[in-house]
Amino acid sequence: MPRLKGDRAHSHQWGLRVGTEIVASTMIGLGAGFMLDRWLDTRPWFLLLFFAFGVAAGFINLYHVMVLDQKPRDDD
Amino acid sequence: MQTMQPLHAFTVHTQLPLDLFGVDISLTNTAIALLLTSICSTVILILLLQRQSILPGRAQLLGEMYFEFIRNMTLKNIHEHGEHYVPIMFTLFTLIVGSNLMGLLPGSFAPTTQIVVTGTLAVAVFLYTVYLRVRLHGWGFFHAFAPHGIPFYLMPLMVPVEILSFLARPVSLAVRLFANMTAGHTVLGVIAFFGLLAPWYVQWVPLSLSVALLGVEIFIAAIQAYIFCVLSCVYIDDAIHPHS
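Read top to bottom, the protein sequences are chains A and B.
When we follow my numbering, the leftmost residue of the first sequence carries the number 1, and every step to the right adds one.
When we follow my numbering, the leftmost residue of the second sequence carries the number 1, and every step to the right adds one.
Isolated chain A (complex conformation) (with noise of 0.2 Å):
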């Protein structure tokens, strides 16, 4: 999972970092469950549920961001 390593990052970094991941990983997720229900004539079942996978895999990313580079890492 993506983290960033190595110096201890500015704040003003993570700030814009989570905000993105989570419109990032909602947009994706709304946008394959609109395509899939075009697809399969659904509508609107695959959107509401991609939209739910969407928005936790934003929230996946986010407790990896928040969580995983607080642990002390012997790798610096």
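Since the hints were derived computationally from the structure, they do not count as laboratory data.
Relax, there's no trap hidden among the hints.
Quick list of the computed label-pair ranges, beta carbon to beta carbon:
{"no.": "1", "chain 1": "B", "residue 1": "137", "chain 2": "A", "residue 2": "40", "range": "30 to 36 Å"}
{"no.": "2", "chain 1": "A", "residue 1": "36", "chain 2": "B", "residue 2": "147", "range": "19 to 25 Å"}
{"no.": "3", "chain 1": "A", "residue 1": "19", "chain 2": "B", "residue 2": "46", "range": "34 to 40 Å"}
Over 10 Å on every C-beta distance to chain A, these chain B residues come out as not near it, computed from the model:
{"no.": "4", "residue": "34"}
{"no.": "5", "residue": "35"}
{"no.": "6", "residue": "41"}
{"no.": "7", "residue": "43"}
{"no.": "8", "residue": "55"}
{"no.": "9", "residue": "71"}
{"no.": "10", "residue": "86"}
{"no.": "11", "residue": "105"}
{"no.": "12", "residue": "124"}
{"no.": "13", "residue": "132"}
{"no.": "14", "residue": "136"}
{"no.": "15", "residue": "139"}
Derived coverage of chain A by chain B (criterion: at least 3 residues anywhere in the stretch with Cβ under 8 Å from a Cβ of chain B; other residues may be distant):
{"no.": "16", "segment": "27-37"}
{"no.": "17", "segment": "57-65"}
We put the beta carbon where it would ideally sit given N, CA and C, even for glycine.
With the hints as your guide, set chain B onto chain A.
Then chain B, alone, in the frame of chain A:
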């Protein structure tokens, strides 16, 4: 006075219509700004390193410090094989920081305010990491989507979420750079317009604010290029060592 159009500066115009066997390859202001950025950054780097000596002068020192900064960033974020990726990260960083700074020149245009430019860069990095994963790990590439220690019955829930979080990487890279640059330039434009509209005795407030904002913009231009390159390095490292 002309109507305020803060997003007018981001319109793409065709400057030189070109046609190659029915394919439209016209030079737009985005393409010209990108070309100018490449030429300017190359010329500046060549000028900095023109007179090389063992005891470096100011110009050489500046050039070497710039290279060392990007080299250290790459080596810190890509373990073991970091040295191979220094040239591409140097090129990427120079192009992005040059494009960001290009937009701060009066009458100029920042190519990174176009999502097509940031998206192309992000998708290129993403496709390269996918290629690296497939080349180094073959079918093991797909194990990354099934996290360790997850019960079997949770797989239908976790696998789509992991795939979505993987696919969100290029989108997040592209949107972050594009949104920050566009927002910064729009704010600069709006504050400058306030300065023009205000009566003469308060004009100094928005005008001095726009000078301060220009300083912040220079800082953000460098920070955004840095974030883009650090995350590209992290994604490449993730492709080389998927379970680290």
